[in-house]
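Listed here are the chains, written in short residue letters.
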Amino acid sequence: MTKGLKAFLFLILESLRDLAPIILVIAFFQLVVLQQPIPNLDRILVGLVLVLLGLTFFIQGLQMGLFPIGENMAGALTRKGNLFWLLAFAFLLGFGTTVAEPALIAVSAEAASAAAEGGFLAPDAKSKADYAFGLRMTVAFSVGIAILLGVFRILKGWPIHYLIIGGYLLVVLLTFAAPPEIVGVAYDSGGVTTSTVTVPLVTALGVGLASTIRGRNPLTDGFGLIAFASLTPMIFVLIYGMVV
Amino acid sequence: MELLSHLATTTLNTILDVLPIAAILLFFQVVVVRQRPPHLGRLLIGFAYVLIGLALFLVGLEEALFPLGEIMAKQLTDPAFITGGGTLSGEPFWGDYLWVYAFAACIGFATTIAEPSLIAVALKASSVSGGAVSVWGLRLTVAVGVAVGVSLGAFRIVTGTPLHFYIAAGYVIVVVQTIYSNKDLVPLAYDSGGVTTSTVTVPLVTALGLGLASTIPGRNTVIDGFGLIAFASLFPMMSVLAYAQISTWRRQRSLLREKGERDET
Numbered sequence: 208m209t210k211g212l213k214a215f216l217f218l219i220l221e222s223l224r225d226l227a228p229i230i231l232v233i234a235f236f237q238l239v240v241l242q243q244p245i246p247n248l249d250r251i252l253v254g255l256v257l258v259l260l261g262l263t264f265f266i267q268g269l270q271m272g273l274f275p276i277g278e279n280m281a282g283a284l285t286r287k288g289n290l291f292w293l294l295a296f297a298f299l300l301g302f303g304t305t306v307a308e309p310a311l312i313a314v315s316a317e318a319a320s321a322a323a324e325g326g327f328l329a330p331d332a333k334s335k336a337d338y339a340f341g342l343r344m345t346v347a348f349s350v351g352i353a354i355l356l357g358v359f360r361i362l363k364g365w366p367i368h369y370l371i372i373g374g375y376l377l378v379v380l381l382t383f384a385a386p387p388e389i390v391g392v393a394y395d396s397g398g399v400t401t402s403t404v405t406v407p408l409v410t411a412l413g414v415g416l417a418s419t420i421r422g423r424n425p426l427t428d429g430f431g432l433i434a435f436a437s438l439t440p441m442i443f444v445l446i447y448g449m450v451v
Numbered sequence: 036m037e038l039l040s041h042l043a044t045t046t047l048n049t050i051l052d053v054l055p056i057a058a059i060l061l062f063f064q065v066v067v068v069r070q071r072p073p074h075l076g077r078l079l080i081g082f083a084y085v086l087i088g089l090a091l092f093l094v095g096l097e098e099a100l101f102p103l104g105e106i107m108a109k110q111l112t113d114p115a116f117i118t119g120g121g122t123l124s125g126e127p128f129w130g131d132y133l134w135v136y137a138f139a140a141c142i143g144f145a146t147t148i149a150e151p152s153l154i155a156v157a158l159k160a161s162s163v164s165g166g167a168v169s170v171w172g173l174r175l176t177v178a179v180g181v182a183v184g185v186s187l188g189a190f191r192i193v194t195g196t197p198l199h200f201y202i203a204a205g206y207v208i209v210v211v212q213t214i215y216s217n218k219d220l221v222p223l224a225y226d227s228g229g230v231t232t233s234t235v236t237v238p239l240v241t242a243l244g245l246g247l248a249s250t251i252p253g254r255n256t257v258i259d260g261f262g263l264i265a266f267a268s269l270f271p272m273m274s275v276l277a278y279a280q281i282s283t284w285r286r287q288r289s290l291l292r293e294k295g296e297r298d299e300t
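Protein chains in written order, with the numbering used here: chain A, 208 to 451; chain B, 36 to 300.
None of these hints come from the bench; they were simulated from the model.
No residue lacks a Cβ here, since even glycine has one placed at the ideal position from N, Cα and C.
Partial chain B-side listing against chain A, Cβ under 8 angstroms, derived:
#1 L38
#2 L51
#3 P72
#4 L78
#5 F92
#6 V94
#7 L96
#8 C141
#9 V163
#10 Y206
#11 V210
#12 V237
#13 I264
Partner residues aside, some chain A positions facing chain B, computed with beta carbon under 8 angstroms:
#14 L226
#15 G261
#16 F265
#17 G272
#18 P275
#19 A283
#20 F296
#21 L299
#22 H368
#23 V379
#24 G398
#25 T403
#26 V406
#27 L408
#28 T410
#29 F430
Using the sequences provided together with the hints, build the complete structure.
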């Protein structure tokens with residue numbers, strides 16, 4: 208057996224271990240609790256093989272592609288020493304990865320229907336589409352601001368907790384002022400913005416910056432960008448709900 | 036054939052999703068940095084692996100796990116299953132839903148372990164901390180947090196208590212934990228909140244929330260169905276901060292013990 212094949216099989220086994228809990232949970236509840244057979248077993252098995260292969264390729268690509276890309280970029284932009292380009296990159300990375308996010312598009316459409324049902328919005332297709340588009344842009348803009356702010360924090364070496372705790376206080380205050388229909392959507396918008404491609408890139412960017420800049424610790428200063436990206440959409444969506 | 040067309044559309048969609056990121060990276064590489072990155076071929080292969088991997092992963096989830104998970108969420112929250120054949124009348128008794136809480140906890144835990152973004156953050160955290168944060172230690176801690184959070188979120192939907200009380204109380208706990216915690220791990224703990232709610236967790240957990248909110252009389256799918264994700268991102272922060280706290284205590288205790296042994300000799 209060649210070395211490459213062996214390494215690949217090892218990676219597949221690792222992915223299998225990652226997926227084992229979900230397979231066990233679904234099998235247990237379906238067979239023991241609900242006491243029903245598993246429908247379309249052949250299709251499910253094919254699907255599981257795809258999930259397994261997909262996870263293996265993704266993890267491999269993460270180490271070969273996304274992590275080095277994020278770190279190279281962080282290194283190249285700091286060496287250049289131009290604050291404007293670094294912050295522009297941070298903002299665009301946040302905005303660009305969020306604006307096309309399918310989960311966000313789905314959530315904005317649902318939020319528009321909710322607002323129409325609640326009587327805040329004329330229930331015709333055009334005003335709903337406008338509302339959904341506005342919400343999407345708001346969230347994408349807020350994620351751009353989040354990464355920009357997070358990168359600025361790494362440069363300055365500020366401790367993260369003052370910013371995050373202050374942000375959450377703002378969320379709590381805004382919650383009482385915003386219309387109740389938007390609250391659930393706002394809280395969930397924090398969760399949908401961080402996609403599977405964005406997270407490794409942004410993490411590598413943060414860690415790369417903290418390792419290049421003298422006096423920063425990659426563990427204490429490099430992490431935290433994702434936290435900003437999940438916080439600011441809540442704030443901006445709550446404000447959007449109050450203004451629109 | 037149906038599978039192949041599904042695969043083709045998903046691959047296309049994944050490429051479209053990644054297009055803005057690729058454009059930004061390319062622009063900065065060519066216009067701003069103006070330098071050929073080292074190991075360009077390897078980077079491109081890696082990027083292609085990510086695309087292929089993500090597409091296969093999504094198709095597999097949509098073929099196998101999501102439909103089954105959604106059917107199960109519907110069956111478990113069905114009034115006939117809850118009351119053992121009867122119908123629901125009036126306010127539900129929270130104790131009738133024990134299987135739902137158990138399912139919520141298990142599915143929260145299991146989907147988090149399979150979440151690729153969390154694997155990415157855990158790999159990075161482990162390499163950066165020189166192994167002090169272990170990959171599996173972080174993943175299991177976050178998964179326990181999500182399990183508790185989603186389960187409590189299901190309890191909230193059943194009882195119909197307002198979402199913001201739980202979230203506000205949760206933030207207060209996070210603030211108190213932050214004050215007393217080992218500051219090294221605070222940023223990682225805050226990040227854990229965001230990474231857990233991604234590709235695998237969101238669809239299954241949302242299906243459970245909507246299933247619950249639509250079968251219980253007096254619950255509104257819009258107001259009550261959402262919000263489970265908020266629980267799933269709040270509780271991992273608490274569990275990771277608790278993990279940081281416990282590891283600090285253990286280190287202090289072992290230091291004290293070593294000191295004690297040294298004093299005796």
